[in-house]
Amino acid sequence: MAEILIKRERLTAPGPAITSLSTQVSHRIVIAWHRLAQLIEFDDALFRTNSAVVLPSKEGPSAVDDAGRRRTTVGIAATVLRHCEEHPERTVLVAGHADTAGNDTYNRTLSEWRAQCVHAVLVGDAVTFANICNDPRRMRVADYEQILTWLAETRGWDCDPGQIDDVHTQRTQTAVNNFRKAYNAEGPGAVWAPRIQEYGAPNTDETWIAYFNCYEEALAAELGVALGELAGLRANLRFVGATVVGCGENHPIEAENVDAYRSQTNRRVEVVFFDPDELPELACHASGPGSCDPAACDLYDRERYRRRVLPPMLSALPWRAQWSDAFAHEDEAREMLLEAPGLPAGTEMHVTVSLRGHGPIAELVAIADADGLRVPFDEWFVPAAVTPVGELEAGEPFPEALYDFAVEGAGRKLASTLPIRCLDRVHVRVVTSGEQPLADTPYTLVSPWGQRRGRTDADGVLDERQLPPGGASIVVRDRTLLHLGELQFDFHGDES
2 MAEILIKRER
12 LTAPGPAITS
22 LSTQVSHRIV
32 IAWHRLAQLI
42 EFDDALFRTN
52 SAVVLPSKEG
62 PSAVDDAGRR
72 RTTVGIAATV
82 LRHCEEHPER
92 TVLVAGHADT
102 AGNDTYNRTL
112 SEWRAQCVHA
122 VLVGDAVTFA
132 NICNDPRRMR
142 VADYEQILTW
152 LAETRGWDCD
162 PGQIDDVHTQ
172 RTQTAVNNFR
182 KAYNAEGPGA
192 VWAPRIQEYG
202 APNTDETWIA
212 YFNCYEEALA
222 AELGVALGEL
232 AGLRANLRFV
242 GATVVGCGEN
252 HPIEAENVDA
262 YRSQTNRRVE
272 VVFFDPDELP
282 ELACHASGPG
292 SCDPAACDLY
302 DRERYRRRVL
312 PPMLSALPWR
322 AQWSDAFAHE
332 DEAREMLLEA
342 PGLPAGTEMH
352 VTVSLRGHGP
362 IAELVAIADA
372 DGLRVPFDEW
382 FVPAAVTPVG
392 ELEAGEPFPE
402 ALYDFAVEGA
412 GRKLASTLPI
422 RCLDRVHVRV
432 VTSGEQPLAD
442 TPYTLVSPWG
452 QRRGRTDADG
462 VLDERQLPPG
472 GASIVVRDRT
482 LLHLGELQFD
492 FHGDES
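If you're matching positions, the sequence shown starts at 2 in our numbering and goes up one per residue.
Quick caveat, the hints were computed from the structure, so don't treat them as lab data.
For every residue, glycine included, the Cβ atom is placed at its ideal position computed from N, Cα and C.
Here are the simulated distance ranges between beta carbons: (1) GLU409 - THR175: 48 to 56 Å; (2) ALA222 - ALA334: 34 to 42 Å; (3) THR481 - ALA334: 28 to 36 Å; (4) ARG29 - ASP458: 47 to 55 Å; (5) LEU37 - PRO377: 31 to 39 Å.
Please construct the entire structure, taking both the sequences and the accompanying hints into account.
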């Protein structure tokens, strides 16, 4: 079913302009009364009260989602980067929020710091990350205790500070020093980043840059790419004008699927995605950094924006969608293949097949195997999708029938890398009842896509190639000699 979306602000007399509607096909016309903001959430489990440090993960039961997957900063950042890769038309805003602990002015500033910290992780800005985190106004001892615990768990380094109690003790200092040694001996400092001082004050810019570099390596692993490939993925990030805003405590949790929020408090950072015609004005932040006028806000105005939390991405590893072959023939099936490392078996996936120049022609639901999907398809000819081109001269090509497909599910949406072309051939030798070839005889090939004139050769053979699907008829001397519902090869007609 084709879907046509009409925006409310475009409804002017005499009505919306719809360029064309195909006959014999169902259409669903949707009038959108609100703009749409789609978001991914760095939830409250990743921020402490009165801190702007985005933590690597959260300890305890809230560390995992409903499917038992661990909630991590690099996992959410990987989701954002993959989403931008798969939706290059969308732009991004990073919006920080605070709970009501503290006064309003402080909360606006804190929420903006949080947004800047998340932004630094997304774009790979180690210096800004360190500037934000290495500041006692927006960092707590428990923050780096938790980072050290994460590194001890994930890398096996001897840097476990013990109980995360927000108190810097000698054990905490030993953990910091051991981290620095391991970082230089076998971490980024041993391979691609500058070495750091192994002793001294626990909080230095280079120590926080070192923590950030460990985030970077974990992010690359989450995405299944080499460290040097992160820049290519980050190139897909396109921000709205404001880039980062702090909303303080002005906008509590609210969305059409509010149950999808992870945050139990309003302490969070939202990465918000907008389609090109959905961009916010953000007049509420017109006064510059630290400003937030909730009365002027359009993004969090229920009358102007719907807000939807995007579904969780089950895997951010590289996926690939492609046809099993470059060419197809009438009524011959080809497979739509999805290579999807990390995709759980049994996941429901939605597949849309499109004909170039027309749009969607088929929608399918398939159940994934582990790490992939294989879906056969053979419905190449859809009469309502064909626009006849009229009469063609000999040798003039018919329109190409090129098909793409897209797969959506598990928080991902991929399009096939290359189209498949459906083409066929009619190879016919035309003879009389006396077995004499009709040599050098004009004919017309009639297809749903148009008509093409030609002549048989000296042996009475007509050879029509690269025909789009849908069958054909051969007309000789105003008589339909052959009607091929399915194009056949080496068919011998007989004209009496």
